[in-house]
Amino acid sequence: MVVGKVLRVSGPLVIAEGMRGSMVYEVVYVGDDKLIGEIIGLQEDRAFIQVYEDTSGLRVGEEVEGTGHLLSAELGPGIVGKVFDGLQRPLSVLGSLIGPFIKKGVKVNSLPRDVKWPFTRSSTLKPGDKIEPGMVLGSVQETPLIEHKIMVPPGVSGTLKEISPDGDYTIEDTIAVVDLGGGKLKEIQMMQKWPVRKPRPYTKRLEPVEPLITGTRVLDMMFPIARGGKAAVPGGFGSGKTVLLQTLTKWARTQLNIYVGCGERGNEMSDALHSFLKLKDPKSGRPLAEKAVFIANTSNMPVAARETSVFLGVTIGEYFRDMGYDVLMVADSTSRWAEAMREISARLEEMPGEEGFPAYLGSRLAEFYERSGRVVCSGSPTREGSLTIVGAVSPPGADFSEPVTQNTLRYIGTLIALDIALANRRHFPAVSWLMSYSLYVESVERWWRKLFNDWLQVRNEALKILQRENELMEIVRLVGPDALPDDDKLLLDAARMIREDFLQQNAFHPVDAYSPPEKTVMMLKAILEFYHEADKALSSGVSLQKIRELPLRVKIARMKEVPGEKFAETFKSLIDEIHKTFSELIGGEKK
Amino acid sequence: MTSLSVKEVRKALSAKGSLLFVEAIPGIQYNEVVEVDLSSGETRLGQVIDVSKEVAVIQVFGGVGEIDVKSVAVRFKGETLKIPVSLDMLGRTFDGLARPIDGKPEIVPEEWLDINGAPMNPAERTPPSEFIETGISAIDGLYSIVRGQKLPIFSGSGLPHNRIAAQIVRQARVKGKEERFAVVFAAIGVTYEEANFFMESLKKAGSVENVVSFINTAASPVIERIAIPRVALTTAEFLAWKYGMHVLVVMTDMTNYCEALRELSAAREEVPGRRGYPGYMYTDLATIYERAGRIKGMTGSVTQMPILTMPNDDITHPIPDLTGYITEGQIVLSRDMHRKGVYPPIDILLSLSRLMKDGVGPGKTRDDHYQVFMQLIAAYTEGQYLRELSAIIGTESLSEVDKKYLRFADLFERKFVNQGEYERRTIEETLDIGWELLATLPEEDLKLISTDIIRKYHPRYRSKGGT
Ligand SMILES: Nc1ncnc2c1ncn2[C@@H]1O[C@H](COP(=O)(O)OP(=O)(O)OP(=O)(O)O)[C@@H](O)[C@H]1O
Ligand SMILES: [Mg+2]
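Chains as they are written, first to last, in the working numbering: chain U, 1 to 591; chain F, 1 to 467.
One should not assume that every hint holds.
So these bits of chain U aren't anywhere near chain F, every CB distance computed over 12 Å [what the hints assert, rightly or not]:
| no. | residue |
| --- | --- |
| 1 | Tyr29 |
| 2 | His69 |
| 3 | Val115 |
| 4 | Lys184 |
| 5 | Ser539 |
| 6 | Val542 |
Below, a sample of chain F positions facing chain U; criterion: calculated Cβ distance under 8 Å [claimed, not checked]:
| no. | residue |
| --- | --- |
| 7 | Arg125 |
| 8 | Thr126 |
| 9 | Lys357 |
Bear in mind the hints are in silico, worked out from the structure with no lab data behind them. Here a beta-carbon is modelled for each residue, glycine too, at the ideal position from N, C-alpha and C.
With the hints as constraints, model all of the structure from the sequences given.
Encoded structure:
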């Protein structure tokens, strides 16, 4: 192994000499404390190293040791429900080892080596079978919600020589032996390692065509995210990015969720950990933590590790995708990662691009978002999996023209733009219906059509009303609402109902936090039905005042509180009541 | 590890801003403390902020003014910047580097602690949830503070942030608890009068023996402002984690801290970020603001209330912007409310407490709290919108209901938000005022309050006897 010496220390950047023979992205141990670092550049015998731990106390001349391998994630049973830092150190275990504060130079295994997991082998497998990468050898019921498939690691193919019987094994016990041919044998353990910067292989990429049902109305109805798609959530401070991302990881219909806190608050992370233990998965009634993985590199932890935290999250996401699961990974906030890149780049004295960000900002973001997707997984049995990525963006001064937001827009399919003005008015989620878009609308429509054949029509009409509202409000601001004709006034009322009674959704309300897709569509249909009928009534001569006084409106406003199971009934009686009320009104007018 | 021979360099290569460049000798540690002896006999502290085989860059507290590079002695201490801490610091006043400035003797240290602290393991935190009653309706009712939160005040020049902060410090308490509490106060580059105002008002509240003060006034060395928040927080953490105290840290004015950071960055010739502030200011501020919270299995807590003035009242300026991206909400002061004579002049819509939801509700404050809060804000928002509208089109064309909202907005500012500087309202009083105001609106408009809560608290049902 290469051993060099520290030549210069500048914050998280260390330059070492005598490093000839190292490779870029190789993990190195820096100094007497063996701080973990990664080589990010090589020049003759000099290595430029970003160090993932505090470099205070490091001296020129201390040793830098190469390891010969790339920064990798440990993948295997023991990962679900856990909290890791950006280097995949298990934070829950660190607490009992070193106390509540993080110290540098601590080395712990990512996954526990002493736990024995109940392994069930795939019943069809027998010695002599052909082995290919990704093939499922068996599984471990890791939590009541996750059946952890044990797969042949990428790159291994041959014939099965041995497979262990069902039983309890540690992740380092050999559970299968593969004859690679040419007399070479490969022992397979339940744990595999994979370099975090490298996408994991799959057989084939598929178009994302199904919506990721999130339970958040404004997304499911207006700006859908596809399974295997990618979305970004830019918004100023306090606009609701974190709440939205947490809501997605709580309620989205997936098999596994990964929550990456990248350069954000410690209390938020702790709140997520606690609420995922308390809240129950709507389908199984089990704690949400049983289908979640947390990665926390808070804002006060070493900046360089922000980058590893997002790549670690994606790698874990791909690994579960490979099992044939629908996985969601959220990263809060990609801007903090971009800022870490900027800081390292500045210390490397690279030529700064826009606002000091390195010129490779865009390509790095692309590398990240491009790892999302819906795929046919490698190996048998044939299965499909998906990894959906949603990244928060924190633009300075809530100004979306800045480089991170702009570069992100180039790679994503759904833009969920949060408007701080809406947040200030406590319109939550503060998703701007004027700025947001989804490129998946057309492709997910097929799925929706099976539930409601008019999903797209309902969606488009509601959006149109909101757009029209926006135009009319310009007039109102100049001359007041009185100048508008009654049908425009009614449209404003309808727009307001859509905003307040449909789009607004309190993430902390016991019932409204999750809105099932059927309820979502029916809610909007009820509002539009009211509007259509009211519009008819108006043209039959019913006064706007009378329509505004209808107690029916209070019922519509309280639809949110009705639980999903009961909603079909409520909807039916609401529609009946709407028809009855208006025909009475119109009838009264005709007399 | 440490060699006994003291490492010393007897000459500097050059000096600039607050930086000293010296020829590197073997064994210099990144971030270690140095003592810089001037020919005048004065000794200044410094820190190594970059070291290579040839050169070490030293940031000198007190600046490099009056330093003669040819006759300076730089001694490397082999450790990071540490301060002595002790329980006896309570009731005492120190400078930005924790040296006593109250004329009393040096403290006898119980421990020496690194001023940078260590990041708290997020998995070892407990989510803050204990409601702090400040007696100020706007804060308790709408932006509830909980123990372990970091909630800054965004102010503007001439606005009464100091009076509000002093009132909070005076009145804050946690219901039904008699626990050890302390206040750590850091004055960062403020005028002597401002610093004195705080010390006096704390004295008047009779709590001076619970207060540790660190003072860096406008006349003190700029570079010490980099250290002072960290020194204050190190002391706060010591009191919280070692002695189980509930510590409230008030730091004013963080804008001066950021200016010092910018100066330092300019001296290092770094590529400036937005409006000249360094690109790493978010991270730097986070290493300060994140030092708040609660820890599993420990009694104490650190709650932070940093104060900053927004340059030009601009909330998108990097200082409030980056702060808002780190803290758990913000109390924003409004010049408009101030002009109207409302005290505390809080901007209702721009202010926010993100941890409120965990600290209010049944068993904590009252079961109607969260819903009343949501409804008050929604109604005030409507009133504000109608105000703007009627400024253009007059009030004549407004409907009766609209006029109710206009009146509500006025009443809300005058009765709910406005209160005396020495007035202490309980949370029940606060919520009851809220109900009184909501009762002026049509009941069917109270969509954000559930029917059972309306039945329980709406004055209409309450006055009819029953409950
Ligand atoms: N859907 C929602 N329902 C109710 N309240 C919400 C919702 N979304 C956001 N909020 C409120 O807005 C506050 C701020 O939201 P959040 O913390 O998600 O902002 P953010 O965009 O992540 O800000 P930052 O960039 O500073 O982290 C929350 O604490 C909560 O009070
Ligand atoms: Mg956030």
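Hint check results:
no.	hint	in the structure
1	Tyr29	holds (16 Å)
2	His69	holds (26 Å)
3	Val115	holds (18 Å)
4	Lys184	holds (42 Å)
5	Ser539	holds (22 Å)
6	Val542	holds (18 Å)
7	Arg125	holds (4 Å)
8	Thr126	holds (7 Å)
9	Lys357	holds (6 Å)
Comparing the model with each numbered hint stated earlier shows that all of them hold.
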